[in-house]
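Novice: Given two chains presented individually in distinct reference frames, assemble the corresponding complex, making use of the accompanying hints.
Same order as they appear, the protein sequences are chains A and L.
Using my numbering, you'd call the opening residue of the first sequence number 1 and step up by one each time.
Using my numbering, you'd call the opening residue of the second sequence number 1 and step up by one each time.
These are calculated hints, taken from the structure and not from any lab test.
Take these hints with a grain of salt, some might be off.
Stated by the list, open to error - Subject to a maximum C-alpha distance of 30 Å in a straight line, what follows is the list of computed DSSO-like cross-link-like pairs (lysine-lysine): (1) LYS53/A to LYS219/L; (2) LYS33/A to LYS180/L; (3) LYS219/L to LYS74/A; (4) LYS419/L to LYS74/A; (5) LYS359/L to LYS33/A; (6) LYS73/A to LYS76/L; (7) LYS74/A to LYS76/L; (8) LYS459/L to LYS45/L; (9) LYS73/A to LYS359/L; (10) LYS480/L to LYS555/L; (11) LYS73/A to LYS219/L; (12) LYS33/A to LYS76/L; (13) LYS419/L to LYS73/A.
In this text the structure is predicted, and so the values were computed from the model without any measurement.
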Amino acid sequence: MKLFRRATDIQTDSAMTLAQASVGCSLRINSIKGAACDRLRSMGFCESMEVKKLSNGHNMLCTVCGTKLALNKKLAAQILVCPV
Amino acid sequence: MSSPSEQHLVALVGNPNSGKTTLFNALTGENQKVGNYSGVTVSRKSGSFRTPHGRKIELVDLPGCYSLNAQSPDEKVTRDFLIGEQDDETFPDISVCVLDASALERHLLLAMEVIELGRPVVIALNMVDLAESRGIHLDPTILSEELGVPVVPVQANKNKGTLELKQALRLPLPAIDYPKWEVSGSEAERLAARTHFIQTICGEAARRENDGTLTLTDKLDSFLLHSFTGWAALIAIMLGVFWTIFSLSSYPMDFIDESFGSIGQWAANTLPEGDFNNLIVNGVIAGIGGTLIFLPQIVLLFLFIALMEASGYMARAAFLMDRVMNLVGLSGKAFLPLLSSHACAIPGIMATRTIDSAKERLITILIAPWMSCSARLPVYFLLIAMLLPQASSLQQAGFMLGVYSLGIVTALIAARILKGRLAEDATPSHFMLELPPYRLPQLGYLLRHIWDRAWAFLKRAGTIILALSIILWALQTYPKPAKGSLASEDKSLALEQSLMGQIGHTIEPIFKPLGFDWRTSTSVLTSFAAREVFVSSLKITYSISEDIEEEEQDKLLREALAESTWPDGSKIYTPLTLLSLLIFFVYALQCLPTTAVVARETNSYNWAVGQLVGMSLFAYLAALAVFQIGTLLGF
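Next comes chain L alone, as it looks inside the complex (with noise of 0.2 Å):
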C-alpha cells in the first residue's frame, strides 16, 4: 500500500474530439503547467489534483490519437509514455481512457488496445447526456463486467461524474492479466477479434434506437459543407476574421502606442540625461514597444482560430479546401497551419503535426513562412501608406491584400514544384478526417489558450527582442563621436561613424542593387533577427527622435524617408525602391525563432537552413529583379 504523501502519475488517453482536454481542465482546474517531451515538440501538459482519498495526482494529458500505432509524432509520444518509453519517465500508475460515450464503437477500440498492455486502466466514459440524446442507452455496469476495468460515467464539461472519476483512482488497482477478447495471432487477427468483442458488448451496453434522425449538426452541415452555400460561408468568414482583427485591433494598439510614448516621455525626462537615460528611452522601452504592439492582433487572430477549432467549423473548412490544396498536391489537412502561418509561422508550423503524410508535412512548413505573418504589418504599413499617399484608405487595403496573396500565390506554386521534387512516402495517405460535432466552446478554456499564446509572445518580447534592442542601441551609439567634433553636434553624423553605421557602409554595395542605402541596409539586416525590428531601426538610423508621440514619429519618418537622397542628389526612396523593399519583406525568411522551431519539427538542420538561405536567395533575386527590371523600363 502506498503512503497517501506519495504522488501518482496518471495518464489521460483518448481519441481526439473524446472531450478529453474538457476532462483535464474538469479534473485539474487551475493546477496545470505546459512543457515539452525531450526531443519533440509535442507539448506535455500536465495538473495535479487530490483524490477524495488525500492522494495526489499528477495528471497528464497525452495527445490524441486513434490507435497506438503510431503514424504521427503525437500519437508516437502517447504509446511511448504508456510504455514507459518516453522521457525515460516511469510507466503511468494508471491510465484514464476517455470514452466519447455516443460513439462508443469507435472509441473503444483505443481503450482495449491500452488495456491489453496490461497496466490498470480506468474508463471515463464521457458525454453521457449527448449519448443518451441520441437515443443510445448506455449500461455502465455491464460494460465494466466485459472489460474488466471500472467505468465512470462522466459529464466533463459540465462537471458531472469527475468526484466519482478521481474515487475511481484507487491504488493499487489491478491490472488484468488477460482481456477476454485477447487473441494471439497477428495483428490483423487481434484486431478482428477486438471489433468482433465491440459488436458483441455495444449489443448489450449501447443500445442504439433512433439511428436516423437528423440533428442540428446534420442541419448545419447541409448548408456549410454544401457546394455553394458552403464556399460562401468559408470566404465570408475568412474575410470577416481578417476585418474584424485588422478594425478592432486597431483600438488596443493606439492605446499601447501612445503608453509607450508617455512612459518613454517620462522616462526621458526623469533618469538624469546620458547614456543610461539614452539606453533605456531609445533601447528598451522603443524596442519592447515596438514589438508589444503586435500582442492584440496575434491575441485576436488566435482568439479566431481556438473558435474554429473549438466549435468544431476548422474540420469543415479543411474538408472544403480539401479540393483546392489537391491543387498543388497539398490536402484539406495543411489549411489550418497554412492560416495560422498568418499570425505567426510557428504556431502555424507547430499545427502541421496532425497532418499523416511526411512529405507533406514537410511540404507545409517549408513554405509557411511565406504566409505574411503580423510581424510584416507594420513594415507594409509603412511602405504602402508611401508608395501610395493619395490613394484611399481602401485602395490601401486592396494593394495590403494583393501583397497577402503574392506571398500565398508564390508559396502555393513553391509546394507543387516541391511535391514533384521529394521522395514520396513508404505508404500513400489519402484525405481522412473526422468532423466533430457543432459545439459552443468554452469560455474558460479559450481563455487560458489565449493567455498561453499571449504570454509566450510577452517573454519572446522580454528576452530576445530586449537583448536584440540593447545590442542594437550599442551598435549604433558607440564609438562615440570625439567631443566638440562635427558628429558630437549631428546626430545621423554621429550614427554613421558608429559601428551600425561602419557595418551598413559595408554591406551597402550587396543591397545597392535593390535600391537600398545604407541605412536601409542596416535596418533590413538587423530584421532578419526579427522583422519588427526593421521599422524601430529605420527610425532609429534616420535619427527619428524617440521621446515623441508614435504617431507623430511615424510621420516624420515618412517625411525623413521622402527627402533622403543619394550623394549625387537623386531620390533614394523612389516608388521603385519602396516596391523592391516590399518584395524583400513578402519573400526573406526575417525570423530566427521560426528557423529554430523548423529545425526541431522537421528534426534536421539541413531543412532549416537550407529553407532560409532559399528563401532569403528568393527574396533577393525577387527585389532585384523587380527595382532593374523597373530601371530599365524607366521608372
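Pulled out of the complex, with its shape left as it was, chain A reads as follows (with noise of 0.2 Å):
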C-alpha cells in the first residue's frame, strides 16, 4: 500500500458519475466516456464545464451554462463529475 499519493489519484476518487451526485450540487466535468461521448459534447456537456444538478429519477435535469437539459440515466452514467 503506497504511502503517498498523488494529487490525480485523489481527484480520480472524487470523481463520480453525474447519475450518482446529489440534487442540487454544482459539478464539474471531469470527462466523458462511453458510446455516446459525441452526442453529450455536442450537446454542450464538455470537459471542464460546469453541471448543475437539478433533478433526479430515470431522467435527470440539469442545467449546463445556463441551459436546461433532460437527460437518461444511462447516459448521465457516461459522465465523471467532481464537485466544485
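Specialist: Here is the structure:
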C-alpha cells in the first residue's frame, strides 16, 4: 500500500458520475466516456464545463451554461464529474 | 468585386432554440418560399432581402443542429449544404451562425465547426437582452477578435440589430485560413481544443455573474415537471386542446356546410339541366365541400401544436411522456409525432425526424396512422350516431374517446412487438432533450405557419380530392341507362347498373363476411384514396339528393341506411355491421398521401407498401372477427 498518493489519484477518487451526484450540487465535468460521448459533447457536456444537477430520476434534469437539459440515467452515468 | 445586381447565397446555421427562425423571419419579412431539398423531405426554407448597399441576398434557413457530425437527416442536410454537396448547390457565399448569447458556451461549438470549414462566416449573437438579464456580460469585440470573424449582437424578436447584420454581409468577406484554436489530430483532440478555447474566451467575453437565481422558467418548471402536478397539467392541457378543437370548430364547420349547400343549390338552379350540371353539383361542389369541412379542425389542431412548440411546453410534455413511452420501447420524442398524427398522419410522420434512433423513428412512422386522424371523424360521427341513436351527447363523446383509445392502444402494442422484431441500432441512443426557456409565441410566426399548413390542405382539396370526386362521379353516372327504361326513372337502379355498381357487386363477396353490402363496399373502396370521401360516397350510392341542406342530407342518409335491407329482407345496418365498419375505419390505412410520405421518409417502398397491406389486412381481419363472433353470439 502506497503511503503517499499523488494529487491525480485524489481527483480520480472524488470523481463520480452525474447519475450518482446529489441533487442541487454544482459540479465540474472531468471526463466523458462511452458510446454516446460525441452526442453528449455536442449538446454541451464538455470537459471542464460546469453542470448543476436539478433532479434525479429515470430522466434527470440539469443545467449546463444556463441551458436546461433532460437526460437519461444511462447517459448521465457516462459523465464523470467532481464537485466544485 | 461582384456587381450589385448579382444575388448572393447566405446560409443561416444555428443550434435548435437559438432563435434562428425568428431571425430568418426578421431578415426576410414576407419574401419567403418553402420547398424541398431533392431526395429528402427536409423542407428548404429560403427568403430574400437587400443589404443597405443594395446587394440582393438569398437567405436559406438550414435545419437546426448541435454539431456538423450528422446524426439525424436534418443535421445531414445542414452539413451537406455548408460544404456545397446538397442539391448541386454551390457553397453559400457567407454562413451566418446564430448563437444564443445566454448559452454561448454551448452554442459556440457549432460556430467553431462552421468556421473551421474555411468559408466566410458572420456571427449573429442573438438574445443579448436575455443574456444581460441573466447577468452575463458580453463583449462582442473580444469575441470577434478571438474567433476571427465579425460578430453582430442582435435581438431578432425585437428586430434590433438586423440592419447591422445586413451591413456586415459584405462581399468579398475574407475567410479565415487557420482558426486560432484549430489543432491537427483526431476528432477527439480537435474537440478538446475547441472546448478549451471556449472556456478561455467565455471567461473574457461572456462573464457570468449571478448564476443560481430562480428564473420564471424554473418556477414554472417546478410545477409543470413535478411528478404529480406536472402530470395533472399535461392531462388537463391535452383534454382542453381536444375539447376546444371539437367544440370551437363546429361553428366554422357549420358555416362551410351551409355555404357549400347554398352554392350547390344555386349551381343546380342556374346551370342548364344535364350532365354538366350534375357533374358540377354532385361531383365538384359536393366533393370539395366534403373535404373543406375539416379545414377548421386541422387549423385548430395545428395552432395548438404550434403554440405548444413555440412556448417551449412541447419539450416538457416529451420529458413527462418519456416514462410512458419507454413501456412500449419508444422515447418521449415519439410523443409529438404521435400527437400530431391525431390531426393528420402526414405532418406527424414528418415530425419523426427529430428522433435520433433510426429504429425508433421507423416504429413511430409505422404506427402513426393508427392514431385516429381528423379525416376519420365524419365517419365516426355518422356511425356512432347510428349505433347509439338514443344516447346523450356525453355518452357519444365517451364512445368516441373509446374509439380513439382503441387506435392508440393497438398502436402501442404494435410498437412493443415491432421493437423486438426490428434490428438494433448500431449505437444505442438514450433520451436527451433541451428544455428551452418558456417564451411567449410570436403571433406573426404562428399565423404564417398555420397558413402554410392550411394552404397545403387546400391545395390537396383542389387537386387530388377534386380529381377523385370527378372520377367517382363519372363511375356512378356512366353508362347511362337507356331512355324510357326502368332505370332511367329510378336513381338507385341506375346507379346499380353503372360502372360503380358493377364494381361494387364484384367486390361484395369480399366484404360480405364483414357485413357490408355492395353500396358500403363501393364506398369503402373509394375511401382508400382518402377517408373523407366515404360519407359522400355513401350519400351518392344511397342516392341522397345533393341539392339540399347538408344537415338534412345527413338525416336522410341515416334513415336510408337504417331502412336498407339485404335481398332476403333482413336489415343491413345492424349495430354489429356498424361496429364492424367502425373497427375497419380505425385500423385501415386509407390514405394514399400517407403511403407516399412514408415511402419518402423511410426511403423504402417496401416499408410503405408493407404498412399499407399490413394495416388494411389487420383492419379486414379485425372487422371480420367482430362481425363473425358477434353473429355467433347472436347479436
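Novice: Decide, hint by hint, whether the structure agrees.
Specialist: Against the structure, the hints:
Note on LYS53/A and LYS219/L: the hinted pairing holds, with a Cα-Cα distance of about 16 Å set against a maximum of 30 Å. Under the criterion of a C-alpha separation no larger than 30 Å, the hint pairing LYS33/A with LYS180/L is consistent with the structure, at around 27 Å. Pair hint LYS219/L plus LYS74/A holds up; C-alpha atoms about 27 Å apart against a cutoff of 30 Å. The straight-line distance between the Cα atoms of LYS419/L and LYS74/A is roughly 19 Å, inside the 30 Å bound, and the hint therefore holds.
For the suggested pair LYS359/L and LYS33/A, the alpha carbons sit about 24 Å apart, so the restraint of at most 30 Å is met. As the CA atoms of LYS73/A and LYS76/L are separated by approximately 28 Å, the hinted pair is consistent with the 30 Å bound. Distance restraint check for LYS74/A and LYS76/L: the Cα-Cα separation of roughly 26 Å lies within the 30 Å cut-off, and the hinted pair is therefore satisfied. The straight-line distance between the Cα atoms of LYS459/L and LYS45/L is roughly 19 Å, inside the 30 Å bound, and the hint therefore holds.
For a cut-off of 30 Å, the pair hint linking LYS73/A to LYS359/L stands: about 21 Å separates their Cα positions. For the given pair, LYS480/L sits about 28 Å from LYS555/L by alpha-carbon distance, which is consistent with the 30 Å threshold. For a cut-off of 30 Å, the pair hint linking LYS73/A to LYS219/L stands: about 24 Å separates their Cα positions. The straight-line distance between the Cα atoms of LYS33/A and LYS76/L is roughly 25 Å, inside the 30 Å bound, and the hint therefore holds.
Of the pairs offered as hints, the one joining LYS419/L and LYS73/A holds, with about 21 Å between alpha carbons and a cut-off of 30 Å not exceeded.
When held up to the earlier numbered hints, the structure conflicts with none and fits them all.
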